[in-house]
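These protein sequence lines are chains C and B, in that order. Numbers given in the numbering used here equal positions in the first sequence, counted from 1, plus 119. Numbers given in the numbering used here equal positions in the second sequence, counted from 1, plus 16.
The hints are simulated quantities; they were obtained by calculation from the structure and are not laboratory data. There may be inaccurate statements among the hints.
To be verified - Here are the simulated lysine-lysine pairs, DSSO-like style, with alpha carbons at most 30 Å apart:
| # | chain 1 | residue 1 | chain 2 | residue 2 |
| --- | --- | --- | --- | --- |
| 1 | C | LYS557 | C | LYS417 |
| 2 | C | LYS439 | C | LYS322 |
| 3 | B | LYS378 | C | LYS464 |
| 4 | C | LYS215 | B | LYS136 |
| 5 | B | LYS136 | C | LYS219 |
| 6 | C | LYS322 | C | LYS464 |
| 7 | B | LYS244 | B | LYS419 |
| 8 | B | LYS419 | C | LYS498 |
| 9 | B | LYS419 | B | LYS242 |
| 10 | C | LYS464 | B | LYS214 |
| 11 | B | LYS244 | B | LYS136 |
| 12 | C | LYS173 | B | LYS214 |
| 13 | B | LYS214 | C | LYS322 |
| 14 | C | LYS254 | C | LYS215 |
| 15 | C | LYS498 | B | LYS242 |
| 16 | C | LYS464 | B | LYS419 |
| 17 | B | LYS479 | C | LYS515 |
| 18 | C | LYS498 | B | LYS244 |
| 19 | B | LYS136 | C | LYS177 |
| 20 | C | LYS311 | C | LYS177 |
Said to hold, decoys possible - Far from chain B, by Cβ distances over 12 Å, these chain C residues were calculated:
| # | residue |
| --- | --- |
| 21 | PRO181 |
| 22 | GLY222 |
| 23 | GLU320 |
| 24 | TRP330 |
| 25 | GLN404 |
| 26 | ILE487 |
| 27 | LYS496 |
As the list claims (entries may be wrong) - Rough simulated footprint, nothing fancy, chain C against chain B, three-plus residues with beta-carbon under 8 Å:
| # | region |
| --- | --- |
| 28 | 92-101 |
| 29 | 490-502 |
Bear in mind that the values here come from a model prediction, so they are computed numbers and not experimental data. Note that CB positions come from ideal geometry on N, CA and C, so glycine has one too.
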Amino acid sequence: MRLLGFAGLLLASVATPAISQSAPGESAQGDVSVTIYNNNQALVQDVRTLSLPKGRSKQQFPDVSAQIRAETVTLSGPGIGIVEQNFDFDLLTPAKLMEKAVGQTVTLIRTNPATGAESRVRAEILAANGGVVMKIGNSIEVLRDDGLPVRVIFDRVPPNLRARPTLSVTLESAGGQVPTALSYLTPGLGWKADYVTLFDEAKQTIDVQGWVTLTNNSGTDYRNADVLLVAGSPNNGRGRGGYPQWPTGTIDSAGTETGDRERLGDYYLYPLAERTTVANAQQKQVSFLDVTAAPARKVYEYTNGWLGSSDAASASSVLKFSTSRSGGLGDQLPAGIMRVYMRDKRGDPQFIGESQIEATPMGSAMSIRTGEAFDVKVKTVVEERTRRSSSRWRTKMRYEVTNARPEAVTVDLAQSGLWGDVRIEQESQASERVSADKVEWSLNVPANGSVTVTATFDGRY
Amino acid sequence: MTFSRFFAFLAPLLAPQAVPLAAQQLVVSDQPENVSITIYRAPDRGERAIDPDWPQGYALITETRTVQLPAGDTMVRFEGVSEGMFPESAIVTGLPNGVREKNRDARLLSPQGLVDAYLKRAVSITRTDRATGASRTQNVFITAGPDGGVIFESDEGFEALRCTGLPERMTFPAVPADLSPRPTLSILTTSSRPITAKLTLSYLASGFDWQANYVATVKRQPPGEKPKMDLFAWLTVANGGKQSFENANMMVIAGEPNRERHGEQPRPTGGALQIRCWPMQRTDEVPYNPGYLPPSPPPPPAPMAMMVGEGEEIMVTAMRRSGDRMDMASPVAAVVAEQEGLGDLKLYRVPERVTVNAKGQKQVAMIVQPDVSYDRIYVARASEHSGDSTPLSYILRSRNDEKSGLGIPLPAGNVAVFENSPFGPLLAGEGDLPDRAINNEIEIVVGQSPDVRLAVAELRRTKSRAYWRATISNARNHPIAVEMEIARDIAGRARGVEIVDGVPTWRVTVPANDEARLDYVIRLR
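Isolated chain C, as found in the complex:
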């Protein structure tokens, strides 16, 4: 044993470069770039310099993503040819170690519980089913049948069991130091945007800061990586990520301006300015947008469903602004959550609500619903329902909008559910039919006052 250890020391000094994981924080990764998409998917490119022997050799690649999609691995480099790629995820555990030791001989060290004296014996493992059956000398025993302590020492670990799932590539090479580019896709990395919006009601402006928030649940650190974020969710070909997104209702009219940012096909790219380490179980935020004093205004909206009635329902407070280059945020917005803050009387920012936004082109008119207004309420009443014939009803509605705020407000009041053929027979104020099934009144409600609208509908329901 001792002699072997000494021989090992000599051998080791020759092969030291192979121990790539010696010091903490060091990694076998080379020059890493990580491209992260919105849909929990990332492309990792890792340029490692390998010291290759001439001919065929098997190279291991530790420190790849623990969730690597092994079928997407590509390795390339000057003068190398791939023979095969293997991804082994049979983990080395005590049970596996014993199972693979069947037929081999191990050393048992028994400790005398009274004296602490140790005795060594060699044993052949015959089976490991439920209990471990061994042959010691000429007798057959079950390991630790008496419950007394026994150390089992194995001479070796099985060659194809590993501590971590491991990628290995067998390749042919002319030999020497070869820079190789390893690339693969992995789930477990994703990003979204988080916006901090400070609304100044007096000046009717917003300050918006955008942060990209990336999350690493892939089980692996990416050290000193060049990070690129792609605003988009490429279909991953398995029908999982390909479903269309629900519209969030935040884009009033989609913009037609093209931004200055780099793009890849239809996706915008957000490269991080500096290299950074994306650690496992980490959420990282980096700023990408900072706009001050963009114009914004607040409106109130309320939509009543067909035959809906309520005593005093709050209207929604909605913040409207533009992402246009002129008079707006001047950028396209990746999908995420916009949190809106306002200063209280002491000047401290307070949170007033948030809204999910979808990826928004530059030049769009946006409306963000921040919450329900305490002081602007709508009372809706079904005043009268008359049956005109077997298929027509006449419905008289009354809407009372009250404003307890000390200033006048504008409320967009809508009645939906008109099913296309509903006619308005009479209304106290002119409305706009915004779509076949929706009609809208824009109401100016005076300070501490109220406005009442009545309308009579003629329809099938």
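Based on these hints, arrange chain B on the given structure of chain C.
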């Protein structure tokens, strides 16, 4: 294997050190100097009570912290933040060159985390002899772990941890730099020279909630006068977290800010070492026993001590004998939260600094409105079936204006109505109030009165008409106001019935110890 044995000897030199990456310096900000906490109600909680274990609302926490920044790149780590923090909402201001990145790390220092960090590295194993107490330490090298067990290599060969029956413990040379005791927020920033920076950190955190708890005390008035009550409200806040906020500015927000479902957080790593050894069955354990024993049932709770002392009962009796008790008055509030507008929400600020305790609830007065006038109205909805008489509910109705003694925003909450009686103040009922703006109508459903009853009966029916009669009986010794809705298609006009918000409603005053009758006709299809 030979390489690794070689490495085992060098290990002490190469052991992990608690140094952050690259040339960053670490500055730890362990606690805030000044905290403001603004609490928001749980969205969609409705009339349900606050969950005291983990309140479903949230809070905006704003802290000021002073840090000494050296020149160059610095990582500032924040400690003592609320454990319910939504890290993506964190905002840090007050740095000369801004924030380069914000990180929230959730690799936790744990037995599993240590083995994971020391995989392929050197640790030591100490075995203590149970017989002699002597211990022996061996330098070993972790070959595999922490999933499914730990295998290590010594100069004797490979062994599995804790499969021997011997007392074994692992010793690690240092704490790995990237493991922390709890999820940690840090920022990267840079400064050209050493400075003292006053930072403001604000973030949203879960585990908080609040509501208004109204106490309405009905005043005893001389007969014939308009009834009045004193309206008082407590602002009840709850903190379900482990973090106390001492000497904090406290505010609450009434109204309904929109909240979205928040995205996926990094899952904290780490936990207990789960060691599974090779099969360990002995010859006496055949046939195979999966080794699972159901957990023993929990011990029965200790019998409750009989806490109701006799002394207490005697005291109550004595109080009863004292005859008429004092009328209940609303509590006198020395500190009342101040209300201000915040956009379309209402902000209530506690004017003094308070301490919001971990796992605690706190109450401060928020509304004190004496002499609120109201109407007591019995309400009913005419049934569509004939039947025996049923008791009517009664409500307290008022308008949120100055004329009624109100005219202030009333945030949603529970209302307990007390009435004074010869036996002292008694609970008359509890109701709920939604958010009410100035000038809105207020209705609190208090309870039912067995003395005021409604009976409806169909008297006769033709092909197209049904003739109904409603009878309201009043066994009280004073007149009462009743409103009965007839949510049906009424034919013609009935005396006393008017259409209120589209619903035919019979408004009537029933004299003391008397009845009122209404005949009405329903149109049949």
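Now for the hints, and whether the structure bears them out:
{"no.": "1", "hint": "C:LYS557 to C:LYS417", "in the structure": "holds, 22 Å"}
{"no.": "2", "hint": "C:LYS439 to C:LYS322", "in the structure": "holds, 14 Å"}
{"no.": "3", "hint": "B:LYS378 to C:LYS464", "in the structure": "holds, 24 Å"}
{"no.": "4", "hint": "C:LYS215 to B:LYS136", "in the structure": "holds, 19 Å"}
{"no.": "5", "hint": "B:LYS136 to C:LYS219", "in the structure": "holds, 21 Å"}
{"no.": "6", "hint": "C:LYS322 to C:LYS464", "in the structure": "holds, 15 Å"}
{"no.": "7", "hint": "B:LYS244 to B:LYS419", "in the structure": "holds, 12 Å"}
{"no.": "8", "hint": "B:LYS419 to C:LYS498", "in the structure": "holds, 22 Å"}
{"no.": "9", "hint": "B:LYS419 to B:LYS242", "in the structure": "holds, 13 Å"}
{"no.": "10", "hint": "C:LYS464 to B:LYS214", "in the structure": "holds, 22 Å"}
{"no.": "11", "hint": "B:LYS244 to B:LYS136", "in the structure": "violated, 79 Å"}
{"no.": "12", "hint": "C:LYS173 to B:LYS214", "in the structure": "violated, 60 Å"}
{"no.": "13", "hint": "B:LYS214 to C:LYS322", "in the structure": "holds, 28 Å"}
{"no.": "14", "hint": "C:LYS254 to C:LYS215", "in the structure": "holds, 19 Å"}
{"no.": "15", "hint": "C:LYS498 to B:LYS242", "in the structure": "holds, 28 Å"}
{"no.": "16", "hint": "C:LYS464 to B:LYS419", "in the structure": "holds, 28 Å"}
{"no.": "17", "hint": "B:LYS479 to C:LYS515", "in the structure": "holds, 28 Å"}
{"no.": "18", "hint": "C:LYS498 to B:LYS244", "in the structure": "holds, 27 Å"}
{"no.": "19", "hint": "B:LYS136 to C:LYS177", "in the structure": "holds, 20 Å"}
{"no.": "20", "hint": "C:LYS311 to C:LYS177", "in the structure": "violated, 39 Å"}
{"no.": "21", "hint": "PRO181", "in the structure": "violated, 9 Å"}
{"no.": "22", "hint": "GLY222", "in the structure": "holds, 15 Å"}
{"no.": "23", "hint": "GLU320", "in the structure": "violated, 6 Å"}
{"no.": "24", "hint": "TRP330", "in the structure": "violated, 8 Å"}
{"no.": "25", "hint": "GLN404", "in the structure": "violated, 4 Å"}
{"no.": "26", "hint": "ILE487", "in the structure": "violated, 9 Å"}
{"no.": "27", "hint": "LYS496", "in the structure": "violated, 6 Å"}
{"no.": "28", "hint": "92-101", "in the structure": "violated (count 0)"}
{"no.": "29", "hint": "490-502", "in the structure": "violated (count 0)"}
Violated hints for the displayed structure, listed by number in ascending order: 11, 12, 20, 21, 23, 24, 25, 26, 27, 28 and 29.
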